[in-house]
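Protein sequence lines, in the order shown, are assigned to chains A and B. Take the first sequence: its letter number 90 is residue 89 in numbering that gives the first Met the number 0, and every next letter is one higher. Take the second sequence: its letter number 16 is residue 15 in numbering that gives the first Met the number 0, and every next letter is one higher.
It is worth saying that the hints were derived from the structure and are not from the lab.
Short derived list, chain A residues pointing at chain B, Cβ under 10 Å:
| no. | residue |
| --- | --- |
| 1 | Gly21 |
| 2 | Tyr36 |
| 3 | Arg37 |
| 4 | Phe53 |
| 5 | Ile54 |
| 6 | Ile137 |
| 7 | Leu182 |
We put the CB at the ideal spot given by N, CA and C, even for glycine.
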Amino acid sequence: MAEEKAEKAAGAPGIDPDTAFGLLVEEHQRRVYAAAYRLTGNAAAAEDITQETFIAAWRHLKSFRGESSLKTWLLRIAANKSRSYWRWKKLRTWVGLDQRDADGEGPALQEMLPDDPAGRPEQAALAADLERRVQAAISALPPRQREVAALRAQELSVAEIAAILGMAEGTVKAHWFEARRRLEAALGEYL
Amino acid sequence: MNDEEKEKKLLSALAVSRPEAFWARQRAAIRAAAGPARRPRAWLLLPAAGLAALLVAVLAERTRRPSAPEPQAVSLAFIEHMDMLADMDVLEAVPEGKL
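Excised from the complex, chain B in its bound form (with noise of 0.2 Å):
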């Protein structure tokens, strides 16, 4: 036996054979589980779209409301205090033996 025969012996071995039901059973189950891919069903769309409906409601919701006041940086507390330091500064520029 040459070569390319004893070649062509072990690629022969090395097939794969399957009865033709088999293969049947394998196209309908692959058919089977690409149909739903190929083809989007529309009520399978549904959630999404109930999804972007909310969102867009929300966001038109919240560009309606006034904006709240901006919070005040320096409390009015703050500004007495400030005034009371500057009293301080006035006492301290006295001598001590004028008071």
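The shape of chain A in the complex, shown without the other chains (with noise of 0.2 Å):
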């Protein structure tokens, strides 16, 4: 319903741009950056990724033929910018200008802390460990069955995820399946 109220502000001809473009933001930021962080793993180029797909979003809004929902095109606007950050990654590393950036990778802790202040350091600690284990879980599958895991969390259907990766549904369930047997093995304790 909300997703409805965004999509049809930000093609309606009479309403203020920037209650469109904050409609829009609002509306799927959250899906967006989780994608992100799950596709590179670090919360910096997350919220890179996050804003740059928003702002090329708003730009190319025209081009947007409505085939797919607002949803699925931005989540694939950040997929191929994830696809981006990883070439970039693996270009700097072949060139020996990539250091390891630490500090990017997790989420700093301020940001781990509840909204409900009752028991914040220890909800904060104990939610950052499982953060870095379910990540930790994530980054160690291969490439498209990463993709796969990052969108379905995102509680995309097989056809979603397959128009945005450009993939068949069968090759989605396939790595899906394979992803799923791999986090369930690793993240046995927390299931």
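Fit the two chains together into the complex; they arrive one by one in their own frames, and the hints show the way.
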């Protein structure tokens, strides 16, 4: 329902562009950031990708043909930008410029603090620990399985994931089956 | 636990959770970054306008300037040299005994 609101607002001729853009970001930012974070394993890169995704989408909104939903279109942009991130990282490693950026990899502890102040430090520490383990398990997956798992975690259907990644639905199912088996083995104690 | 429940549990573990303050800060950052691009300011176009005016002035100046005389394809010295060669042909045609 809220997604429809953002989608209609983005295309409506009379609406203030600022309001439309605000609705678009508010509606999809969690999904786009989460996918980018799971795909890159780097909090700073995920923030950059989220920002670039929305700016690119806003600039090219006219080229959005409405064949897919705004959600899948945004996630396709984010997935492409994440692939570019890996290509850039590989290139930097190849020329010997890449330095381990430990600060940017995980989110800062204050970003893990829950909204509810009760038991905040303990909760934040537990959440940060789980976050690290989950991310390590996802990062250990082969690239295609990682992409499928990151998008599946955004409550996308197999058909939507296939459209985003340009794969056959059968291929997505096979990747998800294998990714799930590996993730369950790695995170067994938390499931 | 059946398969569907197991998948649900795994998916909830894969979800990324952040406090509301994080999302609010990110929204503000996105809107700030998108702002200038969405509304190009007139003063940003000033350098481009200045360059365009300069280009027009230079082109106008070039068209106004009289064209330089075309360089002579054959120089005077070359023509004189050709005349001397013609004389040589006449001299060579005269039998040696008659010179």
